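J.: Using the sequences and the hints given, assemble the complete structure.
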Amino acid sequence: MSESQAAERLKIIMQGRSPDSKTSEHPMVMPPNQALQVLTLAQRTAEEHIAIANRQADKIRTDAQAAAEKIGEDAQEHSRNVRAQADQVLHDARKAAEKAAREAREKTEEARRTADKIVSEARTQARSITGEARDHAEQLKIQAQQRYDDVVGSLGSKREALQQQIESLEVFDREYRARLTTFMQGQLRALWVDQPEVTQDLTVGEPAADAGDPDEETDK
Numbered sequence: 001m002s003e004s005q006a007a008e009r010l011k012i013i014m015q016g017r018s019p020d021s022k023t024s025e026h027p028m029v030m031p032p033n034q035a036l037q038v039l040t041l042a043q044r045t046a047e048e049h050i051a052i053a054n055r056q057a058d059k060i061r062t063d064a065q066a067a068a069e070k071i072g073e074d075a076q077e078h079s080r081n082v083r084a085q086a087d088q089v090l091h092d093a094r095k096a097a098e099k100a101a102r103e104a105r106e107k108t109e110e111a112r113r114t115a116d117k118i119v120s121e122a123r124t125q126a127r128s129i130t131g132e133a134r135d136h137a138e139q140l141k142i143q144a145q146q147r148y149d150d151v152v153g154s155l156g157s158k159r160e161a162l163q164q165q166i167e168s169l170e171v172f173d174r175e176y177r178a179r180l181t182t183f184m185q186g187q188l189r190a191l192w193v194d195q196p197e198v199t200q201d202l203t204v205g206e207p208a209a210d211a212g213d214p215d216e217e218t219d220k
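Each step along the sequence shown adds one to the number in the working numbering, with nothing skipped, and position 18 is 18.
Errors might be hidden in some of the hints.
[As the list claims (entries may be wrong)] With a straight-line cut-off of 27 Å between C-alpha atoms, the simulated DSS-like cross-links for lysine-lysine are:
#, residue 1, residue 2
1, K59, K70
2, K117, K107
3, K141, K158
4, K107, K95
[As the list claims (entries may be wrong)] Derived Cβ-Cβ restraints for the label pairs, each shown as a range:
#, residue 1, residue 2, range
5, L140, A161, 46 to 52 Å
6, L140, A115, 43 to 49 Å
7, A67, V38, 56 to 62 Å
8, L140, V119, 56 to 62 Å
9, K141, E109, 34 to 40 Å
Everything labelled a hint here was simulated from the structure, so no lab data went into it.
Since the structure is predicted, the reported quantities are computational estimates derived from the model, not experimental observations.
Heads up, the beta-carbon is just placed ideally off N, CA and C, and yes, glycines get one too.
T.: Structure below.
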């Protein structure tokens with residue numbers, strides 16, 4: 001007998017009707033054994049309802065516990081995922097920061113090396129320019145000294161040449177005067193032979209003429 005059939009039978013019995021007849025003009029008197037049967041059936045029905053309720057409660061409890069466990073597992077999984085994502089983000093941020101710091105250090109080192117290279121090249125170029133300027137100045141000094149020596153030497157040579165010319169002119173002047181004197185004396189002697197009177201007059205006046213010659217005074 002199913003649960004619904006037992007409940008229907010119990011309802012009919014409680015109403016005082018026979019379970020086999022649907023209608024009756026007089027209520028049926030329930031015998032004692034039938035009352036016991038009804039009580040037993042009612043107790044069985046109640047127990048079945050209680051068992052069904054317990055099973056449903058257990059099922060609800062089990063489902064709720066399973067749902068709670070599932071929600072807890074999902075929450076833990078979500079928490080693990082969030083934690084993993086946070087760890088990954090933190091790891092990526094740390095790697096990015098380390099990379100940025102490393103690149104900054106590399107750029108700083110590169111800039112320092114470039115600056116050192118520029119300074120070194122500038123110093124080398126400055127030393128080269130200074131050396132070239134010093135050599136050029138020394139060459140200019142040597143050239144100026146050479147030109148000075150050439151000019152002074154040329155002036156000395158010209159002075160010596162002029163001095164030699166002056167001495168030659170002085171010698172020529174003395175020789176010319178000597179030859180002129182000799183020539184004049186020869187002419188006077190010739191006149192003495194031809195005209196002794198005139199020659200005597202000239203001879204008497206000759207010392208005065210010699211004494212008044214400015215060139216002779218200059219030579220003396």
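J.: For every hint, state whether the structure bears it out.
T.: Comparing the hints with the structure gives:
Restraint check: the Cα-Cα separation between K59 and K70 comes to about 16 Å, which is no more than 27 Å; the hinted pair holds. Distance hint between K117 and K107 is fulfilled; the C-alpha atoms sit about 15 Å from each other, no more than 27 Å. For the hint pairing K141 with K158, the CA-to-CA distance comes to about 25 Å; that is within 27 Å, so the pair holds. Restraint check: the Cα-Cα separation between K107 and K95 comes to about 18 Å, which is no more than 27 Å; the hinted pair holds.
Hint check: L140 to A161, Cβ distance near 31 Å, so the stated range 46 to 52 Å is violated. Distance hint for L140 and A115: a CB-CB separation of about 36 Å, inconsistent with the stated range 43 to 49 Å. For A67 and V38, the Cβ-Cβ distance of about 42 Å falls outside the hinted range of 56 to 62 Å, so the restraint is violated. Take L140 and V119: their Cβ atoms lie about 31 Å apart, and the range 56 to 62 Å is violated.
A C-beta distance of roughly 47 Å is found between K141 and E109, which places it outside the suggested range of 34 to 40 Å.
Against the hints set out earlier in the document, violations occur for numbers 5, 6, 7, 8 and 9.
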